[in-house]
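Chemist: Chains as they are written, first to last, in this note's numbering: chain A, 1 to 405; chain B, 406 to 810.
Hints in this document: simulated from the structure, not taken from any laboratory.
Don't be surprised by glycine CBs; every beta carbon is placed ideally from N, CA and C.
Please note that a few of the clues may not be correct.
[Said to hold, decoys possible] List of simulated lysine-lysine pairs, DSS-like, C-alpha gap at most 27 Å:
1. B/754 with B/735
2. A/163 with B/640
3. A/235 with A/350
4. A/29 with B/443
5. B/706 with A/330
6. B/654 with A/301
7. A/249 with B/706
8. A/330 with B/722
9. B/426 with A/249
10. B/722 with A/166
[As the list claims (entries may be wrong)] To give a feel for the contact side, a few chain A residues facing chain B, derived at Cβ under 8 Å:
11. 26
12. 136
13. 290
2 protein chains.
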Amino acid sequence: MIQIAVLGYGTIGSGVVEVLKTNYDSIAKRSGQEIQVKYVLDLREFPGDPIQKILVHDFTTILHDPDVEVIVETMGGTNPAYTFVKQALEAGKSVCTSNKELVAKYGPELLEIARLHNRNFLFEASVGGGIPIIRPLNQCLTADEIYEITGILNGTTNYMLTKMAKEGASFDAVLKEAQALGYAERNPSADVDGFDACRKIAILASLAFGENVNYEDIYTEGITKITDRDFLYAKAMGTAIKLFGTCRKTEGEPEQFFASVCPVMIGNDHPLFGVEGVLNGILVRGNVIGDVMFYGSGAGKLPTASAVVADVVDAVKHLNTNIMTFWSSKPLSLADIEKVQNQFFVRVKKYEADHVQSLFGNVAKITVPELPEEFAFVTEPMTEEAFANAAGQLDGLLGRIRIGH
Amino acid sequence: MIQIAVLGYGTIGSGVVEVLKTNYDSIAKRSGQEIQVKYVLDLREFPGDPIQKILVHDFTTILHDPDVEVIVETMGGTNPAYTFVKQALEAGKSVCTSNKELVAKYGPELLEIARLHNRNFLFEASVGGGIPIIRPLNQCLTADEIYEITGILNGTTNYMLTKMAKEGASFDAVLKEAQALGYAERNPSADVDGFDACRKIAILASLAFGENVNYEDIYTEGITKITDRDFLYAKAMGTAIKLFGTCRKTEGEPEQFFASVCPVMIGNDHPLFGVEGVLNGILVRGNVIGDVMFYGSGAGKLPTASAVVADVVDAVKHLNTNIMTFWSSKPLSLADIEKVQNQFFVRVKKYEADHVQSLFGNVAKITVPELPEEFAFVTEPMTEEAFANAAGQLDGLLGRIRIGH
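Next up, chain A with everything else stripped away, as it sits in the complex:
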């Protein structure tokens, strides 16, 4: 019998308690031991909920109880999560967390503390909800040199973009709908401005390449400038518009990587083309394995709790053994975005036709009947800098979206 504690009884924390109860027997079989929740920490009271019996308000009760060997952290945010997790690891308890802010900011430090104490710091649920991606990166794709990891990592924005694509709805209309359905927060910035995806791709890239990607260094652009007009072209071109978090090796020497979160236009041959609605999909490209894709529910109470509990099972199976994780605190060498090559889908006013030709060469014009006063085109690959220079000369620029490959 293993005793655990759950910090934070919100959506994910209560999901963890529920999953441990629902699948008690099969989880015990997989862990080799029964798993008992001894404490739940939350500042609130939950009168009438059976959890009330094991509810504590003071973390030190948990920290100083030697019976507690694994701690689940589902509070979110970095304060006090960081302090609690650090203290727990230093006290010789393994920690499983769903907290992407914590992992993106303190991952290498907390992994190192876990290693020094021969315990584990596990965070499968911090990216992609229930989709197994952290453990596959760490333990399955070990024969490969990964050169790209790209994901649709935010279910809210993917739901919105899918709705805009299918129904021709405007950004504001789908945002209201997503808020009404509880998919988007009242303040939707973390989702629509790409901040959530940014933390997630920082975690994935750090694991894929073994060196630290600071999420603050990632070029991040949300979906707020994507309009129903862009989707008229996407429909005509048979493409999709998705919010990608990506990190990939750049061409040439020295070895550098380019990390970004931004909307991209992709063709139907892209492995992530079919990832729709609130689902998440993650594509990993390796030098021997080729493309591998992982797909499923990227959020939600039970899928996320399933990933946390799978970490608890792993922590129980490795009580006194550190599972090697390659995420050094050394910064991954990131390329200057200005020097990175991209292709761009560009919308301009009709009168810019000659100007476009002189700036971008002989590009094919794309027109849709609904928008007679404008046209669109796709550039050849060019540096971000060169594109910005050329696009800056277009008075009639209406928008641009990078092309994903």
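Model the placement of chain B on the given structure of chain A, informed by the hints.
Modeler: For chain B alone, coordinates are given in the frame of chain A:
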């Protein structure tokens, strides 16, 4: 430094040697040790190939060399692979194999021998080529009770079905093309009759449900009866026809499972709808995680070798620790296929219209202009037995394909 041996220098075996060489440094980092191939076993000679220096023809050289701690088995077939692997495990060497026949037939026995000797028997590459699926099933989805596992597990037949769908080509024409491209063998039976997929779903189902599925007990039907006419309807209906290996819990008590390999027709809302060409996709459905999908190259020299080498890395990281694997020799309780409920897509001659209505109720007629002398319909869910009885009364029956959900 760890010494390993590779049994069989065919496509996969030579791929393993190549991957170990190509990614030598990163593999050493992930394993914690450098990995050296000390022997390659093959009956043939390879004059001019650097491998010739370490080539041996007698397995006992490897078996009796205490320096060899991990053995890669890529010979295929069960004889002498079974004897060699068993002897290796009993001699305290871990074994990593890509051999689905071996794993499907002797999995539980070889896992038990490995456990008793505190070594590992690993077989990530036996299903889905490079796609990580064995380790995720065993180590990631541990919080869930899985109720279904379904895969497109054979790249050859998926290539053929995709070609038939896109080009309207006949079965014989695409088979010839697949043979010319090296995707299909001269004797294509293992692929087109479903035997390859059958062994793979037996392995996946055994791991997903923890009890043994004998591949000989799986209802297996290949794709040889699928015609270009079926695809005319699929196109009109917006559906796809895929060869699924599946194992799922049946409804009601007692707890039973239904395992099959057969062509199915699926709608575009099915997670495996977009898995095209030689790619494989595997869908896992759990009671808390919901649907998770894994997707990538299901075969091919390097992707498969990548999975074998990932197993070697894991074996090296767990030299004296058995990785728990849940695959008991106890047989999984399989339902009698006659009692299983399915829906069927059925093609009949035009004159059967009234007869169809009396046998199957008021089903919608589907017609395509190219085939004026027939029509198709989809049945309500019914047992296989009831369908067989009703269909047996139709003189004008032209074909039937199960519906996948």
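Chemist: Taken at face value, is the distance from the CA of residue 166 of chain A to the CA of residue 722 of chain B at most 27 Å?
Modeler: 48 Å, violated
Chemist: Below or equal to 27 Å on CA atoms is what counts here, so check residue 706 of chain B against residue 330 of chain A.
Modeler: 34 Å, violated
Chemist: How about residue 136 of chain A: closest beta carbon in chain B under 8 Å, or not?
Modeler: 5 Å, holds
Chemist: Given the hint that residue 654 of chain B pairs with residue 301 of chain A, test it: the Cα-Cα distance must not exceed 27 Å.
Modeler: With Cα atoms ~24 Å apart, residue 654 of chain B and residue 301 of chain A stay inside 27 Å; holds.
Chemist: Restraint: residue 290 of chain A near chain B, CB-CB cut 8 Å. Satisfied or not?
Modeler: Since the shortest Cβ distance to chain B is 5 Å, the answer is holds.
Chemist: Given the hinted pair residue 29 of chain A and residue 443 of chain B, is their alpha-carbon gap at most 27 Å?
Modeler: 39 Å, violated
Chemist: Is the Cα-Cα distance between residue 330 of chain A and residue 722 of chain B 27 Å or less?
Modeler: Holds. Residue 330 of chain A to residue 722 of chain B sits at ~24 Å (cutoff 27 Å).
Chemist: Given the proposed pairing of residue 163 of chain A with residue 640 of chain B, does the C-alpha separation stay at or below 27 Å?
Modeler: 25 Å, holds
Chemist: Hey, residue 754 of chain B versus residue 735 of chain B, does the alpha-carbon distance stay inside 27 Å?
Modeler: 46 Å, violated
Chemist: For the pair we were handed, residue 426 of chain B and residue 249 of chain A, check the Cα-Cα distance against 27 Å.
Modeler: 21 Å, holds
Chemist: Does the alpha-carbon distance linking residue 235 of chain A and residue 350 of chain A stay inside the 27 Å limit?
Modeler: 20 Å, holds
Chemist: Decide if the proposed pair is consistent with the structure: residue 249 of chain A and residue 706 of chain B, CA atoms, cutoff 27 Å inclusive.
Modeler: This hinted pair holds, its Cα atoms lying about 24 Å apart.
Of the numbered hints stated above, those contradicted by the structure are hints 1, 4, 5, 10, listed in ascending order.
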